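Undergrad: Here is how the chains run, residue by residue.
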Amino acid sequence: MARETNRHYKFDWITIILFFLIVGFGWLNILSASYTGGDIDYFTFSKSYGKQSIFILFTFCIIIVILGIEAKFYERFSSIIYIVSMLSLVGLFIFGKNVNGATSWYAIGSMTLQPSEFAKAATALAVAKQISDLNTNINSFKDQIQTFVIIIIPALLVLLQNDTGSTIVYGAFFFVLYREGLPKYYLSLGMSVIILSVLALKFGALTASIIASVIIFGYYYFNKKKVSFFQVILALLLSVGLSYGVKLFYDSILKPHQQDRISLWLRLEKDPVKLEEMKRTFAYNLNESEKAISSGGFTGKGFMEGTRTTGKFVPEQHTDYIFSTVGEEWGFLGSSFVVILFILLLLRILHLAESQKSQFSRVYGYGVASIIFIHFLINIGMVMGLIPTIGIPLPLFSYGGSGLWAFTILIFIFIKLDSNKINEW
Amino acid sequence: MRQLFLFVSIIFVGILFIFRLFYLQVYTSNEHDLFEDNAIRKVYDYPKRGFIYDRNGELLVANQPSYDVMVIPREVEPLDTLEFCSLLKIDKEQFIKRFNRAKHYSPRLPSVLLSHLSKQDYAALQEKMRKFEGFYIQKRSLRHYQRTIGANVLGDIGEVNTTDLKKDSYYKMGDLKGKQGVEASYEKTLRGVKGIKFIQKDRFNRNIGPYKNSTFDTIPEQGKDITITIDSKLQEYGELLMQNKRGGVIAIEPASGEILAMVAAPTYDPNLLVGRERSKNFIKLRDSIANPLFNRSIQGVYEPGSPFKLMNALVGLQEGVITPNETVTCYAGYKYGNRFMKCHCYIGKRNNMISGIQESCNAYFSTVYRKILDKNSNASEGIDTWSKHAKSFGLGDYLNNDLFVGQKGRIPNRAYYKQVYPKTFYSTYTISNAIGQGEVATTPIQLANMVAAIANRGYYYTPHIIKSIEGETVPDKFTKIKYTSIDKQHFEPVIEGMQQVYKRGTAASLQVKDIDICGKTGTVENFVVIDSVKTQLTDHSIFVAFAPKNDPKIAIAVFVENGYWGSRFAGKIASLMIEKHIKNEITRKDLEEWIIRHSLEDEYAKPYSGEPFRINEYTKLQFVDDSEYKRLKRELKKLQTP
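In order, the protein sequences belong to chains A and B.
First residue of the first sequence? That's 379 in our numbering, and the numbers climb one at a time after it.
First residue of the second sequence? That's 5 in our numbering, and the numbers climb one at a time after it.
The hints are simulated quantities; they were obtained by calculation from the structure and are not laboratory data.
This one's a predicted model, so the numbers in the text were calculated from it and none came from an experiment.
Where a beta carbon is used, it is the ideal one built from N, C-alpha and C, also for glycine.
Mixed in with the good hints there might be a few duds.
[What the hints assert, rightly or not] Think about it this way: if two alpha-carbon atoms lie no more than 25 angstroms apart in a straight line, the pair counts; the simulated BS3-like pairs of lysine-lysine are:
id, chain 1, residue 1, chain 2, residue 2
1, A, K652, B, K107
2, A, K657, B, K101
3, A, K648, B, K107
4, B, K143, B, K170
5, B, K170, A, K425
6, B, K107, A, K657
7, B, K637, B, K192
8, A, K652, B, K101
9, A, K657, B, K46
[To be verified] If you want the ones that stay clear, here's a sample from chain A, every Cβ over 12 angstroms from chain B, calculated:
id, residue
10, I394
11, S431
12, F433
13, A533
14, N540
15, F595
16, E668
17, F701
18, K794
Using the sequences provided together with the hints, build the complete structure.
TA: Okay, here's the thing in structure tokens:
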């Protein structure tokens with residue numbers, strides 16, 4: 379029976395170790411990216427790396443508090459946490475501080491706090507609560523709408539604050555809902571829309587429509603019994619409409635700078651002069667970051683030896699572009715190491731989530747994995763030029779207190795829930 | 005299934021990222037190269053280029069500072085173009101053109117915007133330079149020629165071109181490099197090695213300190229001074245004598261192979277190819293009909309004519325087909341088959357070797373040549389033997405020396421004639437070779453070298469231009485004796501014949517008191533194609549000589565294009581040069597006077613006149629006009645009062 383009591387404190391150390399490995403390695407790279415010469419002062423508010431070490435120290439307090447709170451608290455108070463969080467987002471419209479065009483910060487003395495970072499965790503809790511409610515049936519349209527509303531409110535609020543990156547993160551909940559039984563056609567629909575949009579932009583609306591028609595007719599030919607002709611016509615009209623709609627949207631509604639990002643991503647621009655121009659203007663960061671990563675080679679130039687990092691060639695390198703420092707100084711080996719660390723963390727959380735007994739913990743765990751995954755996918759994908767430029771940080775790795783604390787809260791609530799699974803009935 | 009979706013997505017993204025990293029960092033990444041890294045600024049420190057001295061220690065080439073305005077296009081900020089242009093003294097259009105050219109070359113590497121500012125312009129610009137971001141002034145050193153002589157010997161330096169940049173990564177845009185002459189052949193010795201400083205930049209292109217504490221920086225290595233074998237006084241004299249003529253003069257010191265003088269006419273003032281006017285002047289020189297950039301003394305390939313008879317005499321003796329005393333009867337020419345080669349001997353004149361050389365008898369040497377080729381009744385074998393002997397004198401191949409340009413010339417062998425005479429081959433087929441015409445072709449330097457080998461009685465040193473390099477030894481290929489395939493004793497009768505040329509023969513009028521000169525005249529027919537008609541021009545005047553007979557100090561070959569017979573122009577110049585070198589004063593003022601009095605410019609204008617013209621005996625000697633004559637006299641006077 380003694381073992382039983384021990385299990386109260388059985389935290390998942392693998393996740394915790396991975397968490398600290400990522401945070402620690404991240405700090406080393408922040409040091410390198412923000413070092414400007416002189417002695418290294420480990421705890422100082424005047425240097426980014428010094429601030430980050432203070433942020434990291436403070437995470438210990440957060441961790442102790444979160445693990446100290448009764449696990450049931452999170453489920454019970456999820457609605458209140460969500461509402462408070464939403465209010466903090468709304469408050470930004472009145473009290474918010476504008477940094478780089480986004481009104482996403484509260485200024486408290488010299489410190490700034492970004493409530494949108496914390497809203498992700500709150501939303502994850504709320505979604506978990508909603509889905510795990512015994513009255514909720516994810517297959518009913520009404521419940522789907524309710525769940526969507528929970529997700530869309532924060533997404534809309536951050537979009538209105540001009541923080542497109544954070545808005546996209548809420549797409550992560552698709553993985554959660556799908557896991558919990560969201561009808562399959564949502565997946566098919568989502569995939570089709572994405573693929574068709576890309577095709578339409580890359581090869582033109584006509585080509586996209588033709589490809590879609592061929593696939594739809596092919597599908598109809600082999601599954602005549604399952605689908606009616608009416609459905610085929612509907613699908614056809616929708617695809618053609620979407621193809622032209624996307625094109626129209628791209629040409630007339632998107633702002634030039636957004637067009638440029640997409641055109642660069644899909645390699646639509648063929649004119650070398652204009653391409654050079656792009657590389658010097660909005661794609662400057664991306665171009666420099668790709669060059670920095672590439673120049674690292676197999677083994678990298680060594681810690682604090684990266685010429686592009688030292689020369690501050692990549693703007694915002696210690697925040698969104700921190701991965702380019704890894705690429706330059708630690709090379710292929712170090713970058714792959716970071717990628718693998720994240721994959722291990724994600725798979726570990728996913729594994730734990732699947733092994734939860736309560737649906738609330740499982741959904742929440744899924745939410746945690748999905749949110750980190752989307753961040754990881756977009757950030758590293760962007761820094762390496764696989765995804766259009768979208769400004770979101772690399773979780774636990776990039777410089778920034780709000781982000782670090784929000785992810786700490788996100789992960790450690792789950793660790794707490796997980797440690798409590800034995801007590802579930 | 006639903007559980008797997010996120011799991012699979014994560015794994016897929018992980019693999020995708022690692023592939024992308026592999027592509028970026030391993031597949032497309034080059035080794036980290038400091039020079040390729042635009043985060044590192046490279047600042048060059050140019051060393052002093054080595055000076056050039058003549059054999060008597062007289063300074064010929066020194067340096068002068070020069071300032072280039074450089075531009076790094078992508079670092080340029082909007083500027084007051086009008087002010088900048090007025091400081092540079094160029095108009096706006098030019099500025100834009102030059103700027104775009106630099107940008108086209110590379111937006112991130114420095115290019116020269118404007119080269120060779122004058123000192124005044126530099127001073128005015130220097131003060132305002134910081135207003136113009138992306139531009140800077142690079143100090144370089146240009147050549148300063150102390151004398152106006154030896155342009156073809158010394159050569160010049162000029163900006164590297166794209167081929168140079170590709171071939172040798174040492175050179176960067178705007179660097180200067182030896183382009184011709186000694187400057188080119190001793191480029192690496194003269195230039196030294198530039199120093200380099202690596203400076204870490206930030207993305208605003210500001211210097212933020214030395215890269216890795218200057219571990220990789222190097223200090224410049226000064227260029228070395230060199231001394232060349234040219235005697236500037238002799239060179240100057242030669243150039244003066246060759247004015248208003250075209251051709252080449254090469255004088256060699258037989259005991260060392262050192263080139264005492266290398267005159268190419270026409271020549272030019274080497275200072276023309278310095279500084280901002282360089283490319284303009286270069287094009288002018290290159291496109292002029294007289295082509296002064298063409299170094300006739302080492303690049304001009306001519307049929308050697310009669311001087312080559314010396315070669316045939318030597319081969320005849322060596323092969324034992326004739327003795328010095330054996331006589332050949334001349335019938336005012338030589339009949340072979342049903343053809344006839346004319347000679348200016350009287351009918352029935354009997355020549356032995358000495359008088360054969362003295363009178364330059366065509367019949368005598370045709371006989372010798374045929375005897376050589378028919379020695380074993382096999383002309384194919386014979387011509388190969390003959391060719392080998394001639395080649396042992398350095399004829400028909402590159403001398404492989406330290407002159408930047410050169411020509412092979414041609415000494416034919418059987419293989420050469422295979423095309424024209426695939427099956428049968430008789431000695432009469434190539435009889436013109438007997439008198440140094442036909443397929444034989446040499447450059448003046450090869451001929452001078454042949455004479456040096458005769459003067460040495462059987463050996464020579466590769467003719468070269470380098471006398472000493474500061475702190476280095478001269479390559480041993482220039483101090484190693486090269487033996488010809490002719491035994492020593494066979495030279496005496498030939499040298500005796502060459503002495504008779506001066507005493508009684510074709511150069512009897514060119515004797516110099518107290519100097520025993522051995523020489524040989526040459527008169528060579530030559531042709532050009534005018535409007536696709538092969539047209540004969542006035543003969544080339546050729547002369548070779550060495551002196552003194554028993555202790556040779558100088559061997560010389562003189563080619564004067566269209567100068568008619570050998571002793572008319574070439575012989576006179578050779579005698580004067582020899583006297584100048586040995587006595588350092590001129591007693592044959594009459595020869596000197598004659599040479600500067602006469603010009604061949606009319607002769608050279610004929611083929612381009614578009615009108616019919618006459619040659620040789622139907623030409624008139626042209627006098628230089630009065631002002632030109634006075635100018636030459638003045639120069640001559642300057643030369644004699646040191």
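Undergrad: State for each hint whether it applies.
TA: Here's how the hints hold up against the structure:
{"no.": "1", "hint": "A:K652 / B:K107", "verdict": "holds (15 angstroms)"}
{"no.": "2", "hint": "A:K657 / B:K101", "verdict": "holds (24 angstroms)"}
{"no.": "3", "hint": "A:K648 / B:K107", "verdict": "holds (20 angstroms)"}
{"no.": "4", "hint": "B:K143 / B:K170", "verdict": "holds (24 angstroms)"}
{"no.": "5", "hint": "B:K170 / A:K425", "verdict": "violated (45 angstroms)"}
{"no.": "6", "hint": "B:K107 / A:K657", "verdict": "holds (16 angstroms)"}
{"no.": "7", "hint": "B:K637 / B:K192", "verdict": "violated (40 angstroms)"}
{"no.": "8", "hint": "A:K652 / B:K101", "verdict": "holds (21 angstroms)"}
{"no.": "9", "hint": "A:K657 / B:K46", "verdict": "holds (23 angstroms)"}
{"no.": "10", "hint": "I394", "verdict": "holds (20 angstroms)"}
{"no.": "11", "hint": "S431", "verdict": "holds (24 angstroms)"}
{"no.": "12", "hint": "F433", "verdict": "holds (26 angstroms)"}
{"no.": "13", "hint": "A533", "verdict": "holds (20 angstroms)"}
{"no.": "14", "hint": "N540", "verdict": "holds (26 angstroms)"}
{"no.": "15", "hint": "F595", "verdict": "holds (27 angstroms)"}
{"no.": "16", "hint": "E668", "verdict": "violated (7 angstroms)"}
{"no.": "17", "hint": "F701", "verdict": "violated (10 angstroms)"}
{"no.": "18", "hint": "K794", "verdict": "holds (22 angstroms)"}
Going down the numbered hints, you'll see the structure goes against 5, 7, 16 and 17, while the others check out.
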